[in-house]
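Participant: Sequence:
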Amino acid sequence: MKNMKRLLTIVLACTVYGSQAQTLKEGEMPQLPAFPEIPAPLPVGSVKMGNSDSFADVQLDIPITDGPYKASWASIEQNYPGTPQWLRDAKFGIWVHFGPQAAGESGDWYARHLYKEDHKAYRNHLKRYGHPSEVGYKEVLRDWNPTKLDPEYLTQLYQKAGARFLMIQGVHHDNYDLWNSQYHPWNSVNIGPKRDILREWVDACHKYNMRYGVTFHHEYTWWWWQTAFGADKSGEKAGVPYDGHLTLADGKGKWWEGYDPRLLYGIDLREYETVDKNAHSPWSPPKAGIFSRHLDYCKWYATQWALRMMDVTAHYDPDFIYTDGTVQGPFTGDGTGTGYKCNAMPVVMADYYNRVLKKRGKVDVFSIIKFRKPTNGAVNTAEFDFPDTINASQPWIREAPVGDWFYAPGFTYDAGSMIRFIIEAICRDGNAALNIPMRPDGSIEDACVTMLEEVGRWMAINGEAVYGSKAWRILGEGEMENGKLRKLPGGRLGRQQAEFKFQVSGSKFQDIRFTVGKDGSLYAFTMAVPEGGSEVTVRSLKKGQERVKSVSLLGSNRKLKWRQTQEGLVITCPEKTDLSTSLVFKIACD
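Numbered by the working numbering, the letters in the sequence shown go through residues 1 to 590 in order.
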């Protein structure tokens, strides 16, 4: 209840929905408007989505920190000084994709899937908690208590593994804030562990000089949570509504008294075409359009979305922020941004950059907008797979989970997969971020620790080929498949990636990747360890091209035998080596 009182006592000299955009005085934060009246729901699937093409972007009049950045893409692109050098230098980060959904031990999207009668998450929930009409996700939040979560230990471990930044989850699609949230009572300080989990990570990053960003996935919430408004279709509970239908009044005398379920689950939007159907699909958002019967709620929802992010940038000082999605940004009226169109993202970014400018004297931060086109002020990221060619058009991060985004038993922990994922990203001029799955109690499995330690040993030897590197004139060599270079399979890192075989010995095609280091040296990564005494041929360095002056093997003091021929640069590998996963040759050329 402490934070609910804070919601009512935030001081502000101007209002969110004023007639003219205003700026914040130092120490002030905007006020969240009252929750709007919601019309009674209509039958499922009976309402067409409003036309998003003809719907003009709503300009949210949220006061922001004063400065040169205004709440528009044009202003951001005009004023942003460029992505900070530290991202290129860092190259490798760890995802901290952790929260109460780990409690289900059912992998990603547990909170949504526990309301699907045919899903394993539903079956797991029945065994662990009970039926979702009686014991829903709110009870998962109440009971979640990661007593073994130790951000300081994990930050040290990740740093030893070679990570130079952390991507820390602030809120997932489950709409549960992992910080002392001013604008949202369903948070980790009020409910569950009674801890400011984000603050613990931020303090650890400061202690160990680790860059960090905070990720926000709550734009999806309003369509993602629609499963919570359903009911079983068969069995003794058929037709009994799940707990998404509960109201604030229903909580009287219960543990959640005073906490409005609408602020967690959202409202029932299944009247709109495809909302209910797609909620029960494996992934898909509803069709493009506007929730046109709920425009007051849409505006409130987008405003609260923005204010929660502004709360974090004001009080946790991240080096970057991250928004999830599959289109050009949040609230675009299509894809994951379906339902509404507004300038919520430029509002957040403008406030963030102005605030950083005042505090640090320069804007050395950035905003990740997943899948966004090249935009000055934004960094792109995407999941799983890699582009087929070098992409130097914009800064980008390729991300994937080891196992899954949330914990489940039986994951494969393989250091080679992590290392090769990093190599595949950096040779294309990108960065890599990998999620380490954490148990519900906040610990990680022993095999996972061993994997990270192995990655750390490799990075300690070969870091000069990674940190601060950029792509060469080609990303690599090797066997071609359908006219494209054969690469590590996309998807979550698991058995398929661990068992994938690259060719480096006894084959016409040798799988090699390249980077250029900060000192201009060329680095050639073998995608597996060649047999002792075998030859590796770098075909892109034929005699008559760049003249090779020297070749050395990182992690070895032995003098190498090499020659430059019409076939390429031929390097004889040492007879014996303790090196694993990938050998990295440092090549100096004229």
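Keep in mind that the hints are not guaranteed to be accurate.
Each computed DSS-like pair below joins lysine-lysine, with the alpha-carbon atoms no more than 30 Å apart [what the hints assert, rightly or not]:
no. : residue 1 : residue 2
1   : K559      : K542
2   : K194      : K148
3   : K127      : K254
4   : K576      : K559
5   : K362      : K373
6   : K25       : K299
7   : K233      : K116
8   : K518      : K549
9   : K508      : K470
10  : K148      : K120
11  : K542      : K501
12  : K116      : K237
13  : K120      : K299
14  : K207      : K120
15  : K207      : K233
Simulated restraints, written as ranges between beta carbons of each label pair [as the list claims (entries may be wrong)]:
no. : residue 1 : residue 2 : range
16  : E453      : Q394      : 49 to 59 Å
17  : S54       : A460      : 51 to 61 Å
18  : G253      : Y153      : 39 to 49 Å
19  : E77       : A238      : 35 to 45 Å
20  : F55       : T247      : 38 to 48 Å
21  : D57       : K127      : 19 to 29 Å
22  : K576      : E453      : 21 to 31 Å
23  : D519      : T450      : 30 to 40 Å
24  : T23       : P241      : 42 to 52 Å
Hints listed in this document are in silico derivations from the structure and should not be mistaken for laboratory results.
Predicted model only: the values in this text are computed from it and were never measured.
All C-beta atoms, glycine included, are put in the ideal place defined by N, C-alpha and C.
Participant: Okay, which hints does this one fail, numbers in order?
Facilitator: 13, 14, 15, 16, 19, 20 and 21
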